[in-house]
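Enquirer: Residues per chain, in single letters:
4 protein chains.
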Amino acid sequence: MSNDGATHKVAGETRVRVRYAETDQMGVVYYANYLVWFEVGRSELMRQRGLDYKQMEIETGCLMAVVEANARYQAPARYDDELIVETTVTGVRGPVVRFRYQILRADDRTLLCEGDTVHVVVGRDMKRCAMPRKYAALLSAAASHAAL
Amino acid sequence: MSNDGATHKVAGETRVRVRYAETDQMGVVYYANYLVWFEVGRSELMRQRGLDYKQMEIETGCLMAVVEANARYQAPARYDDELIVETTVTGVRGPVVRFRYQILRADDRTLLCEGDTVHVVVGRDMKRCAMPRKYAALLSAAASHAAL
Amino acid sequence: MSNDGATHKVAGETRVRVRYAETDQMGVVYYANYLVWFEVGRSELMRQRGLDYKQMEIETGCLMAVVEANARYQAPARYDDELIVETTVTGVRGPVVRFRYQILRADDRTLLCEGDTVHVVVGRDMKRCAMPRKYAALLSAAASHAAL
Amino acid sequence: MSNDGATHKVAGETRVRVRYAETDQMGVVYYANYLVWFEVGRSELMRQRGLDYKQMEIETGCLMAVVEANARYQAPARYDDELIVETTVTGVRGPVVRFRYQILRADDRTLLCEGDTVHVVVGRDMKRCAMPRKYAALLSAAASHAAL
Chain A
194 MSNDGATHKV AGETRVRVRY AETDQMGVVY YANYLVWFEV GRSELMRQRG LDYKQMEIET
254 GCLMAVVEAN ARYQAPARYD DELIVETTVT GVRGPVVRFR YQILRADDRT LLCEGDTVHV
314 VVGRDMKRCA MPRKYAALLS AAASHAAL
Chain B
194 MSNDGATHKV AGETRVRVRY AETDQMGVVY YANYLVWFEV GRSELMRQRG LDYKQMEIET
254 GCLMAVVEAN ARYQAPARYD DELIVETTVT GVRGPVVRFR YQILRADDRT LLCEGDTVHV
314 VVGRDMKRCA MPRKYAALLS AAASHAAL
Chain C
194 MSNDGATHKV AGETRVRVRY AETDQMGVVY YANYLVWFEV GRSELMRQRG LDYKQMEIET
254 GCLMAVVEAN ARYQAPARYD DELIVETTVT GVRGPVVRFR YQILRADDRT LLCEGDTVHV
314 VVGRDMKRCA MPRKYAALLS AAASHAAL
Chain D
194 MSNDGATHKV AGETRVRVRY AETDQMGVVY YANYLVWFEV GRSELMRQRG LDYKQMEIET
254 GCLMAVVEAN ARYQAPARYD DELIVETTVT GVRGPVVRFR YQILRADDRT LLCEGDTVHV
314 VVGRDMKRCA MPRKYAALLS AAASHAAL
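Chains as they are written, first to last, in the numbering used here: chain A, 194 to 341; chain B, 194 to 341; chain C, 194 to 341; chain D, 194 to 341.
Possibly wrong hints are sitting among the right ones.
One copy or two, either will do: identical chains are not told apart, so a pair holds if it fits within one copy or between any two.
[Unchecked claim] With a straight-line cut-off of 20 angstroms between C-alpha atoms, the simulated SDA-like cross-links for lysine to any residue are:
1) K320 / P269
2) K247 / M319
3) K247 / E275
4) K247 / D318
5) K320 / C255
6) K247 / R291
7) K320 / A336
Hint data in this document are derived by calculation from the structure and do not stem from the laboratory.
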């Protein structure tokens with residue numbers, strides 16, 4: 194991938210529509226739900242990069258456990274809003290993978306929330322293990338493009 | 194139902210306090226969350242009857258999959274309300290177990306929601322299997338008390 | 194129901210992809226989440242029929258409170274499955290509206306769950322009120338098509 | 194921080210038991226649910242300090258909107274675990290309030306997750322406003338104890 198704005202190509206973009214279930218009595222989306230959308234973005238990014246996370250769990254017994262999550266909320270999402278979730282791989286170092294997210298309101302591209310998560314590859318026993326080679330390569334490729 | 198108080202022994206009673214996360218923009222609890230409280234009631238009832246559901250899954254590989262759930266909503270629960278979840282085993286027939294629930298507001302015992310669920314015992318492969326004998330006996334005992 | 198295919202016009206169809214958040218340790222979707230998808234189906238059906246539920250709440254102060262919900266689970270949905278939610282208005286009588294749902298796995302159209310909900314129109318005070326005329330007409334139109 | 198145990202007075206402590214709904218197919222608690230427990234801890238701390246958050250919303254029309262949330266996950270919580278949520282007010286400056294959380298497994302006091310959130314007081318219109326005096330005083334008192 195070239196260096197001419199390559200990150201636009203590697204940021205997985207997916208859309209979600211806010212569910213009534215996701216609002217709270219403040220009339221806006223409850224804060225923990227943004228972490229669910231981060232997960233939606235992450236899954237979609239991996240799918241777009243050829244990494245089927247579901248298959249990875251089944252084939253290799255490896256899981257990507259979350260070790261850190263951070264979110265900054267700029268403006269509230271509301272019921273029925275269509276949102277864009279942009280996800281980037283920002284680092285792969287051994288079993289540790291980092292993602293960054295931006296959640297925008299689709300109709301005016303207002304930034305509502307940004308955040309990041311850190312994951313570590315573990316086995317079914319929740320102990321660290323090496324990331325399966327095939328998947329490591331795919332994620333590293335995504336990360337190096339993001340860094341251009 | 195008899196007047197000997199038997200039902201007090203079998204109706205598992207547990208309490209939950211409504212979380213902000215469980216409300217929606219209507220200012221009341223979102224309807225799917227009552228099914229989560231049914232689960233809390235079910236777990237607690239089983240614990241009180243000596244049936245540790247967590248242990249059952251680990252020891253026997255058997256799971257209780259839900260095949261039916263019904264709820265009737267009478268009055269809304271609101272943020273910070275303390276609720277009573279009353280749970281009864283209403284039937285055990287082979288691998289099929291039935292529970293009934295009533296959710297009351299603690300401070301005035303207003304009935305907010307009642308419902309029932311039907312479960313079937315399955316293995317890890319989601320295929321029906323016999324309920325482990327020890328657990329079948331405990332649930333049957335609970336159900337026969339409920340029928341007095 | 195007639196054989197003219199009218200129901201295909203009225204059953205709102207929408208798609209959701211199963212999120213990791215929606216699974217539980219049984220390895221399948223947690224049962225309460227189907228009620229969230231019912232809501233997604235309901236919102237989408239109303240949108241397709243020209244009834245913007247969000248706007249209705251804002252304009253008229255009327256809400257559609259759930260008074261009953263029923264679900265029968267036939268086969269489990271799993272992480273990353275794409276699902277079809279089919280929704281039909283099955284009745285409108287004064288302030289009471291009924292919906293029916295079928296949730297199918299998209300790739301083989303296996304029926305996973307079917308259910309229904311009953312709603313009543315209420316004001317912000319949670320007391321029954323008449324459904325705003327414009328919205329009543331739209332829902333009745335949807336329901337009469339479903340009854341053909 | 195002093196060695197006089199003052200922090201024990203200010204850290205609100207509350208307990209939650211892990212629900213089946215809160216697990217995911219990894220067999221552990223889904224990461225967003227820790228933010229829900231942060232909220233449970235926050236509500237309970239405020240209640241213990243004489244600040245009824247529910248009442249504050251009703252009386253003053255002021256809400257505490259979340260502007261930042263951070264969590265570090267050390268070890269997984271599992272179904273049916275009893276957890277301790279310890280919450281501290283770490284700062285009050287004008288309309289901005291900060292909380293810190295530790296979530297421990299009750300039976301061996303293993304630290305599972307720690308985090309913090311930042312909130313800003315807003316009106317129903319989601320615009321910043323001054324914190325009602327009575328509530329500001331209560332939170333400041335809690336924060337100054339935490340700083341001893």
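Enquirer: Could you run down the list of hints and mark each one as holding or not?
Expert: Against the structure, the hints:
{"no.": "1", "hint": "K320 / P269", "result": "between (37 angstroms within a copy, 11 angstroms between copies)"}
{"no.": "2", "hint": "K247 / M319", "result": "both (17 angstroms within a copy, 18 angstroms between copies)"}
{"no.": "3", "hint": "K247 / E275", "result": "between (26 angstroms within a copy, 13 angstroms between copies)"}
{"no.": "4", "hint": "K247 / D318", "result": "both (18 angstroms within a copy, 17 angstroms between copies)"}
{"no.": "5", "hint": "K320 / C255", "result": "within (10 angstroms within a copy, 25 angstroms between copies)"}
{"no.": "6", "hint": "K247 / R291", "result": "within (19 angstroms within a copy, 33 angstroms between copies)"}
{"no.": "7", "hint": "K320 / A336", "result": "neither (24 angstroms within a copy, 38 angstroms between copies)"}
Comparing the model with each earlier hint shows a violation of hint 7 alone; every other hint is respected.
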